[in-house]
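6 protein chains.
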Amino acid sequence: MSPHQDHSSGVRLGGMDSHAYQEWVRTEKTCVFVPVGAHEQHGPHLPMGTDALLSTAIAESVAEGVRAKVAPTFAYGYKSQQRSGGGDHIPGTVSLDAQTLINLTRTVVGELLAQGVQNVVLVNGHYENYQFLYEGVDLALADLGPQKSTDRAVLLLSYWDYVSDATLSKVYPDGFPGWEVEHGGVLETSLMLYLRPDLVRMDRAQNHPAAEFPRFDRLPVVADRTPASGCLSSPAGADTTKGELLFEQVVEELSSDISSELEL
Amino acid sequence: MSPHQDHSSGVRLGGMDSHAYQEWVRTEKTCVFVPVGAHEQHGPHLPMGTDALLSTAIAESVAEGVRAKVAPTFAYGYKSQQRSGGGDHIPGTVSLDAQTLINLTRTVVGELLAQGVQNVVLVNGHYENYQFLYEGVDLALADLGPQKSTDRAVLLLSYWDYVSDATLSKVYPDGFPGWEVEHGGVLETSLMLYLRPDLVRMDRAQNHPAAEFPRFDRLPVVADRTPASGCLSSPAGADTTKGELLFEQVVEELSSDISSELEL
Amino acid sequence: MSPHQDHSSGVRLGGMDSHAYQEWVRTEKTCVFVPVGAHEQHGPHLPMGTDALLSTAIAESVAEGVRAKVAPTFAYGYKSQQRSGGGDHIPGTVSLDAQTLINLTRTVVGELLAQGVQNVVLVNGHYENYQFLYEGVDLALADLGPQKSTDRAVLLLSYWDYVSDATLSKVYPDGFPGWEVEHGGVLETSLMLYLRPDLVRMDRAQNHPAAEFPRFDRLPVVADRTPASGCLSSPAGADTTKGELLFEQVVEELSSDISSELEL
Amino acid sequence: MSPHQDHSSGVRLGGMDSHAYQEWVRTEKTCVFVPVGAHEQHGPHLPMGTDALLSTAIAESVAEGVRAKVAPTFAYGYKSQQRSGGGDHIPGTVSLDAQTLINLTRTVVGELLAQGVQNVVLVNGHYENYQFLYEGVDLALADLGPQKSTDRAVLLLSYWDYVSDATLSKVYPDGFPGWEVEHGGVLETSLMLYLRPDLVRMDRAQNHPAAEFPRFDRLPVVADRTPASGCLSSPAGADTTKGELLFEQVVEELSSDISSELEL
Amino acid sequence: MSPHQDHSSGVRLGGMDSHAYQEWVRTEKTCVFVPVGAHEQHGPHLPMGTDALLSTAIAESVAEGVRAKVAPTFAYGYKSQQRSGGGDHIPGTVSLDAQTLINLTRTVVGELLAQGVQNVVLVNGHYENYQFLYEGVDLALADLGPQKSTDRAVLLLSYWDYVSDATLSKVYPDGFPGWEVEHGGVLETSLMLYLRPDLVRMDRAQNHPAAEFPRFDRLPVVADRTPASGCLSSPAGADTTKGELLFEQVVEELSSDISSELEL
Amino acid sequence: MSPHQDHSSGVRLGGMDSHAYQEWVRTEKTCVFVPVGAHEQHGPHLPMGTDALLSTAIAESVAEGVRAKVAPTFAYGYKSQQRSGGGDHIPGTVSLDAQTLINLTRTVVGELLAQGVQNVVLVNGHYENYQFLYEGVDLALADLGPQKSTDRAVLLLSYWDYVSDATLSKVYPDGFPGWEVEHGGVLETSLMLYLRPDLVRMDRAQNHPAAEFPRFDRLPVVADRTPASGCLSSPAGADTTKGELLFEQVVEELSSDISSELEL
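Keeping their order, the protein sequence lines are chains A, Y, S, Z, V and P. If you count the first sequence from 1, position 106 lands on 613 in the numbering used here, and the numbers rise without skipping. If you count the second sequence from 1, position 152 lands on 659 in the numbering used here, and the numbers rise without skipping. If you count the third sequence from 1, position 196 lands on 703 in the numbering used here, and the numbers rise without skipping. If you count the fourth sequence from 1, position 9 lands on 516 in the numbering used here, and the numbers rise without skipping. If you count the fifth sequence from 1, position 158 lands on 665 in the numbering used here, and the numbers rise without skipping. If you count the sixth sequence from 1, position 213 lands on 720 in the numbering used here, and the numbers rise without skipping.
Calculated directly from the structure, the hints in this document are not laboratory data. Virtual Cβ for every residue (Gly too), placed ideally from N, Cα, C. Mixed in with the good hints, there may be bad ones.
Unchecked claim - In the EDC-like style, the derived pairs of lysine to aspartate or glutamate whose C-alpha atoms are separated by at most 20 Å in a straight line are: (1) S:Lys-677 with S:Asp-650; (2) S:Lys-655 with V:Glu-530; (3) A:Lys-536 with A:Asp-658; (4) Z:Lys-655 with V:Asp-650; (5) Z:Lys-677 with Z:Glu-760; (6) V:Lys-677 with V:Asp-595; (7) Z:Lys-655 with P:Asp-595; (8) Z:Lys-655 with Y:Asp-595; (9) P:Lys-677 with P:Glu-687; (10) A:Lys-655 with S:Glu-571; (11) P:Lys-655 with Y:Asp-710; (12) A:Lys-655 with P:Glu-770; (13) S:Lys-655 with A:Asp-658; (14) S:Lys-655 with Y:Asp-595.
Stated by the list, open to error - Among the chain A residues that face chain P by a calculated CB cut under 8 Å, a handful are: (15) Glu-642; (16) Ala-660; (17) Leu-726.
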């Protein structure tokens, strides 16, 4: 269905049995990835699960390379904000509040570490999640106590921070409009065309200028500031080749960075 | 990979775009299913995602029949308890505490209803979740307020309550050992053999008598009371035919019950 | 006032002074019972404190036999649910939400254990409480830390799980309608007639068929599914003799089970 | 057992059935008392349930006079503080934290008001509870919303604020040592001798000067600042006659004040 | 601007750099004061920041004398109550709920202690705060654990408890009306006239009898029970000389008490 | 003490009396600024209150121009993170957890809006706060309800987003190192030299290359990644002139933006 090869079968914790897991924890240097997404509107041409699908695909591909496992994805994320995701007022988006996302992170990360997993890597695919994931990790480590937490490491990252300048200039030959409007635009659309073309409807894509927002957030939101498509920039120009470039480059740098940092 | 036909493509909300979703909410009698599972040890022959996989497969199949949609699965559940799941002390299981599961339910159900979805059905696949899902639903409806909540309905159910006596007597020709020990036993194993045979390792299955527990819970648990396999009864006798029977019978009765109750 | 002899005087912690308590904790193998009830409608013939009264009476009687003490009863319980208690929408019932009941349990159990009490037994008399008591106990033990919690034991049980089949067949000579509809029916009414006949008004009892509920919970509840009496089965046939049989048999098995488990 | 006549039978909500309760709410001007106590050491001569017993007895007696009902007592209270109760470090005392007591109050008061009860009166018997009860009431009223809360009234009081100067001078002929050291002293002991002489052990009472504390609280407490008895002043001089005087005078003024304020 | 000399420059932690702070913690016996106020109406002649300004000024003056430092003031306090502050219904007052004030206290006190600060002193200037500060301190010490908390001391006090009888008789030559009505009255006004005369508008002060309240709190409040000025007693008679007397006497006794208790 | 003129006297809510405040709310278009800072190490040359001082000074200056008022500053902020503030492990920094900062924001913003204030502007001076302030505002508006919240506006911004490119190129003539390392560097130091030179110790400033961090956060932090100074870039080159330029330019654009958006 996709030119991208599915890496999921061997790396998902949800497909592993507990006896094999215990053996793995006992005998190897262990690392578990937790993909974090959102259920958020991404315009008329991309599915609402986009952030979850992308962070999961990247996490699974990196994990396969560094002999890590992938825990079940957090399919719901923090509230969509107007200046990065269009806003939480648009029907379809189903968001968690801060406390729920913090507690979810705290519990899952905490339980993995308490069982002896040495490294946990949260791979974020939805901008708004980041600080709440951070708080969840910080609380999980406090729960473990200083003794136990010293030989553990939790990494937290957003996948787009691994897109190189060289890649950006190929994906956006006319100039990169900025990360803040990359919501339903060329980057996400290209990645989806590469990974899950069955879920992309380019015939429904709307071409419009990138959204412009003030330097403040206003709540309640002025709905008109979000383009009618729900996207913050146009997906025009997205294609599978760009998706492949983005995906493979990010996976490569991320793999290298993590295996170096964690000595996997 | 499985004799069971995958119903997921058309019914997952995560694969739907928000414009199509808004159109659906505006024009149809809407119902969204939320499958709820767990990430819990199920012995050496079943994967840790069993409860999530089963509740999702059932929800998707029923949803297809009643023109409903399926929201992203809750892949983590409440703490595994010794008398129903072997206990939360067994590595591999990653559980949520009560507050987190309640808040997750409250938020997701509440957001769906607030957007105009008329009916939400939680399909539970992990015994220990039930009361916390109930509390989450109750709080979500209180948040909505009495005016808005009167024309909405939330159903909450566990799929095994739809296994008929006729089916049980075929699945357990030597007598049903009881729901309380159906953890990693013939029922769950047969369903997995039918739905996801690629994730079942019958060669690793352990045959042992059903666990016997006292009439109380003791905490901290006496670990020896859980069989070494982690299963509460033996999967011996599980097969694909039984899985098909269970799946199809449950889906049929569940579909009939829900469409009748909600007039779908 | 009652054919049942009151066992409360010697076993209530609320009637003991702290110097005697400290001496007891220092010199004996200590066990404290915590009865847990509800303030819930039980039809026109039983008082709203029924669940609290029954769990307290049973706890006091067992405690006297095993040299335990009884802490003040939790007089309020979790929300009454339609399929087990008629539903929380019926005026008179005053229920706690999940968080409050969990925290109450966590605090009381935690403080007792922290003071050196070795064993705590929660005796539940209201179905809906169980999972929240469990969470409270689990959190209290986590608060104590692994070192301190290893030599402590907390038992959690519902008294009706100790009613034997032999007793059931005497109490229900025409067949047991099932625990799920034992709300305000023959069992509770007989126990109250034996223990607190002054609070039972058999002249107000309503005779009607047992309630029949679907296999799901629906919220907001469809009020008509609860019989007008508020009871889920008829109390017709309840009498003091059955109450005595139930009470004495449960107390005997519970005493035996607990003293054996805890080596009291 | 006591020279005091028990007023409990007719006024306890726990002994009333829900049909009678609904009739009462529908047809009368309703007022429900909630007695609030503590489970706290009161020296070697008084039981740990003293605060709960006293607030309950006063609430029941007043309620009988003003045609009110009495909800189940809050038997556990906020943490005992050194300058008013000796301190929470003394074994025997089992205290709730702030959040639990606030939530308990919020829920119980809120449910009573939501059912149509017009007035709720919290009768406090443990100094440390007061501010947390206040917060619970305030949150319950906020939950109800401004419309519903305007025609309801919640009163919150501590019973000792109703002891008159005339009574004080009779109970303490040598001068009143001050409310702050009235813990296990002449007032509480006299009341208990009048109401529950079976639970008082005057032969164990210790005679010592009133405790003197600095003008600050220090945490962790310096344990030696609490007298060895656990009482903050001596019970010497307590007798049944003083208890009767205290009880009857407080009940009379409280009844008058409440019926006047609430027009009962 | 004021006859009072500003002591703030050398003692505020907010004006200190972290390298100097670390040196201080490493080499000296450390004590940090935390002033706690409120943002609360104080009638037409005093500013809403009165409680924060007074507790800060006292804390800074005492701190200078005992070589302590002063952390940033808690400028918001618990809900104003009618019988001590006029009530939270009066616009202008901005109050925290219990949970927020508890958590604020818990975090700030806990972090200071965890960094090696040996003593923390909370100087309260708003009656309603006290019990919530107490809970915050108690939870912070529980978080630290028994080992670490034994050599730390946290003191909690309200500054008015250090006003001597001699001072009171000079400030109120016609008799002290009682602490409960000292809200916007002679004491607070005199202190403000001494410390921040630029913020006092004696021309707007209203002269009226002291408020009289019942012995209970009623919620929702009966607004008329609060005098129209918002003050609970008249500021007539307040002057700078009284302010100086109050301030200097309180600072002297407080300094002496704290340095003696903490051996500073 | 500073070349900058203090604008605080007329705009602080803490210095205003409640009668004047009520008159203001009743008769004018009202806007209240809430400055938000942190108590965080800023190297050896800047005080720990830097973020609070800067956000307060900017808020007060803007407020004076647009006829707004300024509520008491949030002097404590969210946990310092290594990549933006050096990290929370450095003694001196005292941080709030997410829940506390969210609740503080929710309460203060909510109370202001509920009293009739039409606009609230949060002026943030500490990067890590932003998302938690956002959540607090979102919850406060949900508490108000849709009716009341429609005619209110809350703006949330960080002051550095108003530094223009022209200003940046003058402040950093050798090139701007990036916002992520502007912690204790030229920008903050110049602003402090302009506004509070008495609190800056340029003789203690350390000159070192800008910190370089990986593209992930790691917890627990690897302490060595933070420069020994605690600053993320060097303050060398900071001066009062740059401070004045920064301050005046930001105040001007911010004033213009806010008065235009809110029609003040």
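Are any of the numbered hints broken by this structure? If so, which, sorted upward? 1, 2, 4, 6, 7, 8, 10, 11, 12, 13
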